[in-house]
Amino acid sequence: MQNAIEICNGAHSFKETEVLKQINLSVKKGEIFGLLGPSGAGKTTLINIITGQLHPSEGKSIIQGVDSTLLSGDEYKKIGIMMDHFGLYERMSCYDNLKFYAKLDGNSNDEIDERINRILKEIALFEVKKLPVAKLSKGMKNRLSFARAILRRPDILFLDEPTCGLDPNTTEELHKRILEEKARGTTIFLTTHNMHEAQKLCDHVALLHEGIIVAYGNPSELCRKYNHQRRFLIHLKNGEDVELGHERDSADTIANYLKNDELETIHTTEPDLETIFMELTGGKLNQ
Amino acid sequence: MMNHVRSILWKQLKDTLKNTAILIQFLMFPCMTIIMETCVDIPNMQEHFFSNMFAVMYVGMAPLTAMSAIISEEKEQNTLRVLQMYNVKAFEYFVGNAIYIISICMCGSLVIGIAGGYRGMDLLRFMVIMLIGHVISMFAGAAIGAGCKNQMVATSLSVPIMMVGAFLPMLSTFNHTIEKVAKYIYSEQLYLILNRQGATIIRVDTLVILLINILLIAGCFTKAYRHVFSD
Chain C
1 MQNAIEICNG AHSFKETEVL KQINLSVKKG EIFGLLGPSG AGKTTLINII TGQLHPSEGK
61 SIIQGVDSTL LSGDEYKKIG IMMDHFGLYE RMSCYDNLKF YAKLDGNSND EIDERINRIL
121 KEIALFEVKK LPVAKLSKGM KNRLSFARAI LRRPDILFLD EPTCGLDPNT TEELHKRILE
181 EKARGTTIFL TTHNMHEAQK LCDHVALLHE GIIVAYGNPS ELCRKYNHQR RFLIHLKNGE
241 DVELGHERDS ADTIANYLKN DELETIHTTE PDLETIFMEL TGGKLNQ
Chain F
1 MMNHVRSILW KQLKDTLKNT AILIQFLMFP CMTIIMETCV DIPNMQEHFF SNMFAVMYVG
61 MAPLTAMSAI ISEEKEQNTL RVLQMYNVKA FEYFVGNAIY IISICMCGSL VIGIAGGYRG
121 MDLLRFMVIM LIGHVISMFA GAAIGAGCKN QMVATSLSVP IMMVGAFLPM LSTFNHTIEK
181 VAKYIYSEQL YLILNRQGAT IIRVDTLVIL LINILLIAGC FTKAYRHVFS D
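Protein sequence lines, in the order shown, are assigned to chains C and F. Numbering-wise, the numbering used here puts 11 at position 11 of the first sequence, and it's gapless, one number per residue. Numbering-wise, the numbering used here puts 101 at position 101 of the second sequence, and it's gapless, one number per residue.
Just so you know, the hints here were simulated from the structure itself, not pulled from any lab data. Keep in mind it's a predicted model, so treat the numbers as computed, not measured. Among these hints, one or two may not hold up.
What the hints assert, rightly or not - Subject to a maximum C-alpha distance of 25 Å in a straight line, what follows is the list of computed DSS-like cross-link-like pairs (lysine-lysine):
(1) C:60 to C:78
(2) C:77 to C:135
(3) C:138 to C:28
(4) C:28 to C:60
(5) F:223 to C:141
(6) F:89 to C:138
(7) F:223 to C:121
(8) C:259 to C:28
(9) F:223 to C:135
(10) C:15 to F:14
(11) F:223 to C:130
(12) C:60 to F:149
(13) F:180 to C:225
(14) F:14 to C:129
(15) C:77 to F:89
(16) C:130 to F:89
(17) F:18 to C:141
(18) C:28 to C:129
(19) C:138 to F:149
(20) F:89 to F:183
(21) C:121 to C:60
(22) F:14 to C:77
(23) F:18 to C:129
(24) F:18 to C:138
(25) C:15 to C:77
(26) C:29 to C:182
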């Protein structure tokens, strides 16, 4: 599968501070890629570099086969971005916000009207389309920001902390929309410090710590790779908890529990991404 | 390019006309001119006294505060970063905003001119002088807005500059010492041009002072311009 995004030896410094160091990664077309890291790890800086808003101090970033620093108007039209800050005009209505950005892309008024109304219905903002953005809740602004990102039917979608500070229902709704975009063939690059989000949505993740990628891979594979304990946690119907190692004898014990209908649940002890991050860096993701 | 400029103009009409703080700047002095010219009648008062005084205040205040507020607000709200993703160039952004601000300011100037009794060629001359003033002030506002990271910093910078530009010409009519300083400010020179009669309305010293003002403001604008999308 062809890569939608490639970064080779990418590095960036703000004056004396080195924010990103020797970043090498690739994102395949049509996949959801998650960049995980605590606040200040360099996630937004990396998005800014990939989208050409920032020139890397060193290395190269390529998006859809084009150097990020050389992106033209037509190439920008294939990129949708939802930023950590909404970037919406507070005094303008939801509809006018979307209309403005659609006009910037050179769409005709008839086409704009139909498409904006359809998207506003899809994200459940049609009823409030004439309301100024300032009067919307945070969840609504988030959905509107997402609507703006998908309005131009992008090939690549950048979502910078898309669910940060949202309630569980809105988060769930947004996850659904993200997966729908993936089903349409859109490549999605999302940053988050929410490990559950990454495990649920992403095909591949990279853990970013102090500007360095400390781990990269499929979330499940990473969890298996760092499963040092290799144990089974068994909960029996009588309320007893049993821990067994990955040994030949354990198979007989588990078989006996099953045979005697004593087994309630059985789990492996694979770590989650948070635990892996802590093991690799000594710090927490959600900082 | 024209599509981006048109879209920004459309956006400003939708957005800034709902911004009362900016709207007041556009409407205050034309309204004050109408009121003063209609209601106040002082014997032996200089012709066009109120209109000229308020016209210069309008020049020093409205385009400067409007431009700096628009740009700094966009920086603060991160909308400039989004515009960058829509491939809007800094030049297109400025042209869109400039057309909007200058158009509204010229409408306000027309009201001031007519309320002040200017007619025919005198009105045309008045409008040309106002246009020069608005363009200089707008660039000063753009330099402040582009150079500041947020609205608070922009306001704290634009207010004193606006006070100097808007009020020194008025104060200089009452105090000779202030006049000595004020004559180096573009708004004072525009005030003097407005008050001059006959063929010698533009003198060499006026042109030199205006040119130095324009060069200084253009220099600040050029320096700040490259930071519009980079902060």
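Against the structure, the hints:
1. C:60 to C:78: holds (20 Å)
2. C:77 to C:135: With Cα atoms ~29 Å apart, residue 77 of chain C and residue 135 of chain C exceed 25 Å; violated.
3. C:138 to C:28: violated (32 Å)
4. C:28 to C:60: holds (17 Å)
5. F:223 to C:141: Status violated; Cα separation ~35 Å.
6. F:89 to C:138: violated (30 Å)
7. F:223 to C:121: violated (45 Å)
8. C:259 to C:28: Outside the cut-off at roughly 46 Å; violated.
9. F:223 to C:135: violated (37 Å)
10. C:15 to F:14: Cα-Cα ~39 Å, so violated.
11. F:223 to C:130: Status violated; Cα separation ~39 Å.
12. C:60 to F:149: Judged against 25 Å, a Cα distance of about 28 Å means the pair is violated.
13. F:180 to C:225: violated (79 Å)
14. F:14 to C:129: holds (15 Å)
15. C:77 to F:89: Holds, because 15 Å separates the two Cα atoms, which is no more than 25 Å.
16. C:130 to F:89: violated (29 Å)
17. F:18 to C:141: holds (19 Å)
18. C:28 to C:129: violated (36 Å)
19. C:138 to F:149: holds (24 Å)
20. F:89 to F:183: Between residue 89 of chain F and residue 183 of chain F the Cα gap is close to 37 Å, so the pair fails against 25 Å, i.e. violated.
21. C:121 to C:60: violated (40 Å)
22. F:14 to C:77: holds (24 Å)
23. F:18 to C:129: holds (17 Å)
24. F:18 to C:138: Since the Cα atoms of residue 18 of chain F and residue 138 of chain C sit roughly 22 Å apart, the hinted pair holds (cutoff 25 Å).
25. C:15 to C:77: At roughly 32 Å apart (the allowed maximum being 25 Å), residue 77 of chain C and residue 15 of chain C break the hint.
26. C:29 to C:182: holds (10 Å)
Hints 2, 3, 5, 6, 7, 8, 9, 10, 11, 12, 13, 16, 18, 20, 21, 25, counting from the list given before, are not met by this structure.
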